[in-house]
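Trainee: Letter by letter, the chains look like this.
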Amino acid sequence: MRRFFSIAAIAIISICGLLSISAYAQETVKVGFIAPLTGFAAADGYSSLESAKLAVDYVNEHGGIKGKKLELVSYDDACQPDQASALTRKLIENDKVTVMISGSYSSPSRAAAVICQQAKVPFTSTYAVHPSIVEAGEYCHRIGMAAPIQGRTGGYFAVRELGAKRIALLIMNNDFGVSLAEALKETAIKLGAQIVYEKKYPLGETEFRNYLNAIKAADPDLIYAPGYYNEAANIVSQAREVGLKCWLMGDEGYDSPKFIELAGAAANGVFITTDLNRDSERPMTQFFLKNYKERTNIDADMVGASAFDAVMLVSHILNKVGTDANKIIEYWDTIENFEDCSTGPILMFQNRSAIRPMDIQIVLNNQFRYFYRYYEPEVIYLNPPSGGK
Amino acid sequence: MLLNLQDVEIAYGRIKVLWGISLCVGEGEIVSLVGANGAGKSTLIKGIMGIVPLRKGCINFLGHDISKKHPWERAKMGIAYIPEGGRVFPDLTVEDNLKLIASLCKNELNVRKRLDMIYSLFPVLRERLNQKAGTLSGGERQMLAIGRALMSKPKLLLVDEVSMGLMPKLVSSVFETLKALKDSGISMLLTEQNVSEALAISDRGYVLENGRITLSGNSEELLENEQVKTSFLGI
Amino acid sequence: MLQILVDAIVLGCSYALMAVGLNMVYGLLRIIHVAHAALYTLGAYVGLYCLYHFSSSLWLSLIFGAIFSALIGTLMYRIIYNPVLTAPRYVPLIAGAGVFIASQEIFRLLAGPYPYPFNASFKFLSLTHSHLRITETQMLIITFMIGAFLCLYLVINNTNLGMMWRACTQDMELAASSGINVNLIIAVNFMIGSALAGSAGVLMALYRNSVFPTMGAMVSYKAFVVVVLGGFGSIPGAAIAGILLAVAESLLGMVPLFNLPREAIAFLVMVLVLMFKPKGLFGR
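Going line by line, the protein sequences match chains A, B and C.
With the first letter of the first sequence counted as 1, position 144 gets the number 168 in my numbering; the numbers rise by one all the way through.
With the first letter of the second sequence counted as 1, position 50 gets the number 252 in my numbering; the numbers rise by one all the way through.
With the first letter of the third sequence counted as 1, position 269 gets the number 298 in my numbering; the numbers rise by one all the way through.
I should point out that these hints are in silico values taken from the structure, not numbers from a laboratory.
Beta carbons are placed, not taken as given, at the ideal position from N, Cα and C, and that holds for glycine.
Heads up, some of the hints might be wrong.
[What the hints assert, rightly or not] In silico DSS-like pairs for lysine-lysine, Cα to Cα no more than 27 Å straight-line:
#1 LYS54/A - LYS90/A
#2 LYS314/A - LYS77/A
#3 LYS54/A - LYS114/A
#4 LYS269/A - LYS240/A
#5 LYS308/C - LYS334/B
#6 LYS152/C - LYS334/B
[What the hints assert, rightly or not] Computed beta-carbon distance windows for the label pairs:
#7 ARG190/A - LEU280/C: 19 to 27 Å
#8 ASN312/B - LEU31/C: 24 to 32 Å
#9 GLY161/A - ARG107/C: 27 to 35 Å
#10 ILE175/C - LEU215/A: 26 to 34 Å
#11 LEU297/C - ASN332/B: 37 to 45 Å
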């Protein structure tokens, strides 16, 4: 009798356990998310995590994933590749996430991509630009603009639209800055411009006067300074201080209201290549800008927009094909004209990188304003169709 | 009693150096602390000055327990320290080395008079006034060290190996100076390897061996003691 | 050319202001005060807080930044360094590094990860010429640095406090037994060094128009290079080496084919100096 009870008890406990596990599993679809919430990149980590949460709330208010709730499991990678890979493993093995999103910089994203590829878990980076992230394999995607496209767009704009013949490069010395600069340089030279100055500076540099004085001596028509807004604000204001009157062009890393706040009046007239068009009337863009501001009391930036879009796109895919990894990546490559995102729209995925019309924005009256948009395949495609050049 | 140590124990980290040291110095007395190299003499002096903390026991000075006081507080109560090897501040001038002490107790004594007294004791120092102390010879540095200790008009002088590294001629003149100071009413506790010279000028003595006091008594008695004779005097 | 020199000197002033504090601590306690740069950031944040909450005057934030950093710097010594002074030298080094890293996250938690602009209003001299332009901020930094060093020099060489400080740097034990309140001297030392770091933080926040949690990172190792260059413990060495380093960085950065970032130059110079003058340019 006693034995029967104990067996029954064990049986009941284990059934309850099983039920609770399966019930729990039925409740949510988990998406893993890593972002730098501490360390030097904490500001971008905050933007991207809050934006991702905003998107998750939006998805859940609009029916979730086939009736289940979407759940974001996020960790802090401190922008360290080793932490990114450890946390990605943890998200896959312990948290059993269906899809991984990296809201981090290029090097942690690369580390996470490799782990996801091994584990066969669909992965996407958000605003990280380095080409090699998607090269980890068929499970790895990119929502943001790949560096080759973005740099090329900058090159076309500088040479063809602004007519710059002499270009100076002041490059942030990391994956981001270098890969952008290389792409722009290649395009600019192909289009007939000349690179008159090229120098790298380290992340966290604050003093650019000596570079800028040298640039002034080289007398360029345009300075392209790929980097992040913190350094860029110093570059731009010091460039005006030393009396440089040429065009200044940056990248999506400048795309934060903080850039304008820090650079002050000197920010006016700076061009950037970005994918967040604040002047756009697309409802999702306006939804994101308005709700992000309400949620955090800070104006939205490109980094956040990219993370927001990643969650939106992932939930779209999950709603379409369910949680099977192979179906997810199969469908991913066939997506066309995805409109439910704050940037873009995303026209398609080429080599697992998002292709979208490329925007040039300008700072006017202390605001980012729409300036120019490229639709031409030779600019915005990862592999331009006219291969015979 | 001017100074009274009871059951003092000192250790560097886990390594004990001194065990159960009890000794006293009376007003106007010179007391010697003799022992071989490494017996713990210098450590005991530093313990009394407060540079090295006590593990156990207490130190009474003028009836106050000073074992918890900082070295500078002890200095202000009237204890002065002449460290081993003529340690002075090498990058300060001779005059600054002396004035530094004076500046700390300016109300209590007439600096000029005090300086004159020291210069008359050690005329060499007057010639070297603006020289950095680091450039002095060993003997001159030792004089400066004594002079510094006297600047504060101390009641008790702790003298650590004053003869070490000095020429024999200088050694006896230094000991004469100490004796003269005693006559002016300053009490002293000296450690010395030069046992016979030390006991010659002191009233009493303690023998320190391996961190413990093994013998104590009047200087004459100690000089006659067989153990002292064999281990220190080489007789 | 002159312009480049002036810009470099301004930068050098910030290195020097930081390095002096480090050197004062090293001279006295023989520890490398890694957490010193935390006080630079602290000064900037305190200055920012004054700016946003009390008045838009720079002077007030400069004073508050300096005072606050001085207080926290002294507290840091009492709480962090004092208990480990007798431990092996790497212990205070690691403790300091820990405090510095933690401080960055504390600033982030208190003020958020985003950089803040530092818009202070003030009137000062400036110079605009066709070949040379010194902005008000640059002028202020140079003046502040010269003033601070002059004061420091006078205090060290002409006052009793300075004499006691010098005595303590030469022989701490002897100083204590000579009746010098060593704890007080160390506290004053930390106070002055930290106040300089704090005011450097405010000035550089003004110069760069930004305050953010990790702003001390770059400064911390630049100051370290300056300390090595100038010689450990030498205050005039720190001042001169700070300016020399900034000038060297700027001039080498101008050489067309010399494509090394500023950091590389700093450490290259450090390695070269260590090879030929291991005690630094002005070390004893």
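Trainee: Indicate, hint by hint, whether the structure satisfies it.
Mentor: Verification of the supplied hints:
1. LYS54/A - LYS90/A: 13 Å, holds
2. LYS314/A - LYS77/A: Roughly 14 Å separates the two Cα atoms, so the pair holds.
3. LYS54/A - LYS114/A: 13 Å, holds
4. LYS269/A - LYS240/A: 9 Å, holds
5. LYS308/C - LYS334/B: Holds - the C-alpha atoms of LYS334/B and LYS308/C are around 21 Å apart, at most 27 Å.
6. LYS152/C - LYS334/B: Roughly 46 Å separates the two Cα atoms, so the pair is violated.
7. ARG190/A - LEU280/C: 19 to 27 Å: Since the Cβ atoms of ARG190/A and LEU280/C sit about 24 Å apart, the hinted range of 19 to 27 Å holds.
8. ASN312/B - LEU31/C: 24 to 32 Å: 57 Å, violated
9. GLY161/A - ARG107/C: 27 to 35 Å: Violated, at about 55 Å.
10. ILE175/C - LEU215/A: 26 to 34 Å: 51 Å, violated
11. LEU297/C - ASN332/B: 37 to 45 Å: 42 Å, holds
Of the hints listed earlier, those the structure fails to meet are numbers 6, 8, 9, 10, in rising order.
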